[in-house]
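As you go down the protein sequences, you meet chains A and B in turn. Sequential numbering from 13 applies to the first sequence in this note's numbering. Sequential numbering from 13 applies to the second sequence in this note's numbering.
Calculated from the structure, these hints are not laboratory results. Warning: the hint list may mix true and false statements.
The list treats identical chains as interchangeable, and a pair is accepted whether it falls inside one copy or across any two copies.
Unchecked claim - Restricting the straight-line Cα-Cα distance to at most 25 Å, the calculated cross-link-like pairs of lysine-lysine (DSS-like) are:
#	residue 1	residue 2
1	205	127
2	92	31
3	171	87
4	31	87
As the structure is a prediction and not an experimental result, all values here were calculated from the model.
Protein chains: 2
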Amino acid sequence: MSTIGNSMNIFWQESPIGKLERQKLLNQKGCVVWITGLSGSGKSTLACSLSNELYARGKLSYILDGDNLRHGLNKDLGFKAEDRTENIRRVGEVAKLFADAGLICIASLISPYRKDRDACRAMLPDSNFIEASLFLNGSHLDYVFMNMPLALCEERDPKGLYKLARAGKIKGFTGIDDPYDLPLNCEIEINQKDGVCPMPSAMAGEVVTYLEDKGYLQD
Amino acid sequence: MSTIGNSMNIFWQESPIGKLERQKLLNQKGCVVWITGLSGSGKSTLACSLSNELYARGKLSYILDGDNLRHGLNKDLGFKAEDRTENIRRVGEVAKLFADAGLICIASLISPYRKDRDACRAMLPDSNFIEASLFLNGSHLDYVFMNMPLALCEERDPKGLYKLARAGKIKGFTGIDDPYDLPLNCEIEINQKDGVCPMPSAMAGEVVTYLEDKGYLQD
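Working from the sequences, and respecting the hints, build out all of it.
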């Protein structure tokens, strides 16, 4: 019997159909691919391209986009540090559910603070740290770091946000007046080539190869 | 550009692989089966049995169990009315994501207040009410009401909670000292037969037949 939430009346309900059965149905392993990086670094581009590539191979993925979730699950949260932390905690919890459901969950969030990313890794009490990757309820969480220079992101500025931030019209903008903590232990790092982002299909291919090598694309 | 969350920098990111493509991969339609009823009314039993039956037909479902989520996503919430409301709001939002991912999402929560259940139905601004059922981002949310008399639930008392509530050791327990608003517009009502709950497979069969009739078990 648990005492979480100041109550004794919470039980853990086991389901007879578990993660293994769902993975068998899908012929893949549930996992989380967490894409982190500055605004404009190509996170959403990679997420969409990866989703396409996986679909072409008959694999079921689902994108948790940080911006989209702020319209729904996280619409009560703003952008101050504690809200960003709660935002990432909730996305981590939902990503865990999707991985448990057997999907390849692609989370795409700036997720600027190292401590919040680390909290996602450490979310479960029974988690096993295996070097830089983690079993989350039997699921891995793998980080992809979009390592693009600020200047390049700002030049791209696909949403016009850097302009607004430079003009002081957006406060607390990551990279301008709010920090981005560089990842220390990401599994995949996507780098610029000759001062530009790689092609979407090339970035996605790199992640697909990683997933394939790790055995995620079969049950 | 949205102003949700007191910020202008939230965009809606469209994915090229959408719900229709995922449904095609799964050969089913994403939807939400929301099971509501008193503690001990058989919600979890139905959820598990339904998950089994769907799996036997090659369909992918995922159970969102109210108690389980209180260990993760909703661990910051207690049992006062506003926390119950937020609990149900978040489960509704996550259920919506699962339906969008193409899964048959089975949400199993007491969800005692009608206003909270109604809020789940009305969650999306573009929702179309079609009699008692609702398009949620193109997904239906269907309610299953476990209509079991309090006396029967209390006699079953599978978790020993009614005993604790009657002894005053749990406060605000639904059915004892906190209300359960009877559903006015549920799609399926599971009733007692001769003073006992129906067999799990019989209850699940009723829901499977409903899902089949509505066309959810093919894309």
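(request) Check each numbered hint against the structure and report the violated ones by number, ascending. (result) Violated hints: 1 and 2; rest satisfied.
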